[in-house]
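As you go down the protein sequences, you meet chains V and F in turn. FYI, the numbering for the first sequence is 1 to 364, going by UniProt numbering. FYI, the numbering for the second sequence is 1 to 364, going by UniProt numbering.
FYI, nobody ran anything at the bench for these hints, they're computed from the structure. It should be emphasised that the depicted structure is a prediction, and the values quoted were computed from it without experimental measurement. Please note that a few of the clues may not be correct.
Just so you know, same-sequence chains aren't split out, so a pair can sit in one copy or run between any two.
Within a straight-line C-alpha distance of at most 16 Å, the following computed EDC-like cross-link-like pairs (lysine to aspartate or glutamate) qualify [unchecked claim]:
{"#": "1", "residue 1": "Lys206", "residue 2": "Asp106"}
{"#": "2", "residue 1": "Lys214", "residue 2": "Glu317"}
{"#": "3", "residue 1": "Lys157", "residue 2": "Asp57"}
{"#": "4", "residue 1": "Lys228", "residue 2": "Glu110"}
{"#": "5", "residue 1": "Lys90", "residue 2": "Glu328"}
{"#": "6", "residue 1": "Lys16", "residue 2": "Asp30"}
{"#": "7", "residue 1": "Lys90", "residue 2": "Asp108"}
{"#": "8", "residue 1": "Lys183", "residue 2": "Asp316"}
{"#": "9", "residue 1": "Lys214", "residue 2": "Asp80"}
{"#": "10", "residue 1": "Lys117", "residue 2": "Glu317"}
{"#": "11", "residue 1": "Lys206", "residue 2": "Asp80"}
{"#": "12", "residue 1": "Lys214", "residue 2": "Asp347"}
{"#": "13", "residue 1": "Lys117", "residue 2": "Asp257"}
{"#": "14", "residue 1": "Lys228", "residue 2": "Glu109"}
Read off the chains here:
There are 2 protein chains.
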Amino acid sequence: MTYTIPVELTSSPKPKPAHHNQAFGTVFTDHMFILDYDAEQGWHDPRIVPYQPIQLDPAAKVFHYGQTVFEGLKAYLTEDRRILMFRPNKNIERLNLSNRRLSIPDLDEELVLEALKQIVLVDRDWIPSEPGTSLYIRPFVIATEPVLGVAPSLQYKFMIILSVVGSYYAEGINPVGIYVEPKYVRAVVGGVGNAKTAGNYAAGLKAQDEATAKGYSQVLWLDGVHRKYIEEVGSMNVFFKLGDTVVTPALNGSILDGVTRSSVIQLLQHWGIPVEERAISIDEIIEAHRSGTLVEAFGTGTAAVISPIGSLEWQDEKLVIGQGVTGELSSRVYDAITGIQRGILEDPFGWVIELPLADAAKHS
Amino acid sequence: MTYTIPVELTSSPKPKPAHHNQAFGTVFTDHMFILDYDAEQGWHDPRIVPYQPIQLDPAAKVFHYGQTVFEGLKAYLTEDRRILMFRPNKNIERLNLSNRRLSIPDLDEELVLEALKQIVLVDRDWIPSEPGTSLYIRPFVIATEPVLGVAPSLQYKFMIILSVVGSYYAEGINPVGIYVEPKYVRAVVGGVGNAKTAGNYAAGLKAQDEATAKGYSQVLWLDGVHRKYIEEVGSMNVFFKLGDTVVTPALNGSILDGVTRSSVIQLLQHWGIPVEERAISIDEIIEAHRSGTLVEAFGTGTAAVISPIGSLEWQDEKLVIGQGVTGELSSRVYDAITGIQRGILEDPFGWVIELPLADAAKHS
Ligand SMILES: Cc1ncc(COP(=O)(O)O)c(C=O)c1O
Ligand SMILES: Cc1ncc(COP(=O)(O)O)c(C=O)c1O
């Protein structure tokens with residue numbers, strides 16, 4: 001099946017940033033992708049148009065009932081100027097899982113993949129090439145029906161916007177201090193924690209604010225039922241190296257099935273490093289720290305890829321991990337994944353897809 | 001302190017509905033209130049303008065991270081054409097509690113009250129007068145900063161829109177069938193369940209869909225930790241009459257502090273009926289049903305005021321309550337509250353405020 005996505009090019013292209021030290025998600029490209037949904041036509045009218053404000057009725061359901069889902073992935077420019085995307089199919093699958101949890105109609109996964117490719121190609125001159133930089137791709141769905149009844153919307157917009165992102169580690173990859181959150185809960189089994197939906201992020205703002213005020217970089221979330229099992233760190237999945245084994249919380253229904261998490265697990269298995277997906281209590285981590293078996297800890301996510309954890313604060317006790325410097329495994333995983341993402345290292349997993357530049361010529 | 005709220009009247013008033021059988025939240029009035037926030041000016045530029053679409057950048061935080069809160073209250077037209085609002089200060093207080101939980105800057109409560117009054121007065125000709133009808137008032141805050149970083153927005157809009165609502169009980173007050181939800185969880189202690197924010201409603205859509213498909217009107221939510229304590233029914237608080245005592249779940253942090261709930265409690269106390277706010281397990285309710293002490297059950301909320309529960313389905317057992325007809329207490333509470341709201345009954349609690357029509361003259 002092929003899709004023709006009409007493109008309306010901007011008549012007033014914006015200047016591209018000269019440097020890439022901007023904050024995450026502040027600089028957007030010249031175009032965006034839109035697809036509409038209504039009950040009669042289903043998803044219809046895919047198009048690429050100049051980046052512009054959207055007009056919504058103030059009663060649009062997204063403003064009131066948060067019926068919205070999103071994704072986040074990246075495109076990279078290689079040294080020989082090929083454009084690569086990292087595992088877009090994983091994000092597209094997860095987008096539909098999120099849609100189902102939020103009572104949003106499924107998207108056609110082939111059309112979404114085609115849209116991702118086309119919008120990136122239209123704005124390919126925006127993809128930065130400096131080490132560590134990339135084009136962040138944000139697909140999202142919003143409920144637009146102007147009705148205040150609490151029920152799934154009968155109208156939606158699916159959109160893709162693109163943001164130029166600088167190097168997450170402009171000053172080198174550095175471990176961060178983490179606050180283990182005792183009071184606030186991000187999500188609970190039976191809720192929407194395993195969907196990539198707005199409410200999970202809103203629920204985390206206050207805890208993050210308070211942790212920032214205390215001088216920590218992120219919070220480590222514990223489960224909402226027992227308040228002792230480790231879930232995620234900020235908006236990242238989390239891994240611990242205990243002795244020679246790497247452990248990460250199992251997909252229990254309240255955490256996100258991260259694409260980076262899945263890639264790290266595959267990579268570790270490929271390297272013959274034992275990795276376990278299971279329940280991990282904060283007590284187990286404290287015990288491991290005391291006995292000297294807690295060797296490394298790191299978060300994983302699209303934005304930072306790997307974020308080493310230098311210390312954990314739990315109930316007024318501060319656990320320094322790996323002398324507070326980036327661990328060997330963290331570096332090795334970071335180098336391997338970013339190397340594959342940028343086409344510098346071989347990709348034994350078939351993770352990377354290359355965008356055919358020939359196709360792009362049509363639109364420019 | 002007085003506030004001057006500039007008013008720009010519409011040049012193309014919409015036709016008012018001839019009947020009031022429209023679905024809830026589908027018919028909006030001619031005007032809306034807006035107030036902006038940015039980090040430099042704080043909340044500023046209050047104004048009443050024609051009801052119109054809002055323009056937002058596609059990166060506006062509300063679309064991605066759900067940083068938004070809302071309220072819901074009503075204005076009524078009495079038989080002698082006075083305009084009454086029911087306990088607006090309770091909603092304004094709760095709005096700021098929600099704001100704090102969602103890391104949104106506090107609103108000036110006096111300004112919000114003034115805005116509520118002014119916008120209702122500007123659109124006073126829209127307030128329906130038939131029994132059971134009212135003007136539903138929806139204040140809400142949305143995060144508008146176009147930045148994809150997960151952090152509180154530095155820009156917001158506070159708006160008030162008004163919707164003409166027909167009688168909830170056009171065919172008489174009738175008990176509904178409720179499905180006790182075994183799988184999905186609305187909110188958990190430590191989360192945002194006690195704030196009136198979008199994510200709580202998004203989290204409930206799927207359960208409501210499945211209950212509707214099974215033929216139930218709403219779900220009864222159990223707590224996310226033990227999965228046995230009763231929380232709310234749909235988007236309402238819930239009360240049970242057990243023998244001569246009325247019980248309702250305590251404000252434990254995961255349920256909303258409903259204005260109707262608080263009014264019902266005050267009313268029962270005023271009548272000398274014992275009322276307890278405490279943890280109530282579903283087992284206790286089943287036990288009470290078996291032993292014949294479960295006399296009545298009803299939900300409470302601004303939309304329906306009182307919604308009698310005719311039956312509960314729990315694990316394939318169907319409990320019929322009060323022979324499935326509206327109970328005596330449900331009717332008594334309903335009549336008392338709606339009577340006070342419409343200025344038919346005396347208001348011993350000071351719940352009702354009357355809008356000074358003289359002030360309105362200025363704008364028309
Ligand atoms: C809550 C949450 N957990 C984990 C992740 C990591 O997922 P991914 O590796 O797919 O980016 C994300 C997204 O970045 C997230 O938002
Ligand atoms: C989740 C929830 N619970 C309870 C209520 C009842 O609150 P109130 O009586 O203030 O309308 C509402 C709002 O109507 C609600 O949204």
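Hint check results:
1. Lys206 with Asp106: between (32 Å within a copy, 14 Å between copies)
2. Lys214 with Glu317: Close inside one copy (14 Å), not across copies (50 Å); limit 16 Å.
3. Lys157 with Asp57: both (13 Å within a copy, 14 Å between copies)
4. Lys228 with Glu110: neither (41 Å within a copy, 43 Å between copies)
5. Lys90 with Glu328: neither (28 Å within a copy, 56 Å between copies)
6. Lys16 with Asp30: within (9 Å within a copy, 42 Å between copies)
7. Lys90 with Asp108: Only inside one copy: Lys90 and Asp108 sit 14 Å apart there, 45 Å across copies, limit 16 Å.
8. Lys183 with Asp316: within (14 Å within a copy, 36 Å between copies)
9. Lys214 with Asp80: Neither. Shortest intra-copy (45 Å) and inter-copy (58 Å) distances fail the 16 Å Cα cut-off.
10. Lys117 with Glu317: neither (48 Å within a copy, 52 Å between copies)
11. Lys206 with Asp80: Close neither inside one copy (44 Å) nor across copies (47 Å); limit 16 Å.
12. Lys214 with Asp347: neither (41 Å within a copy, 48 Å between copies)
13. Lys117 with Asp257: The answer is neither: 23 Å in one copy and 48 Å across copies each exceed 16 Å.
14. Lys228 with Glu109: The answer is neither: 37 Å in one copy and 39 Å across copies each exceed 16 Å.
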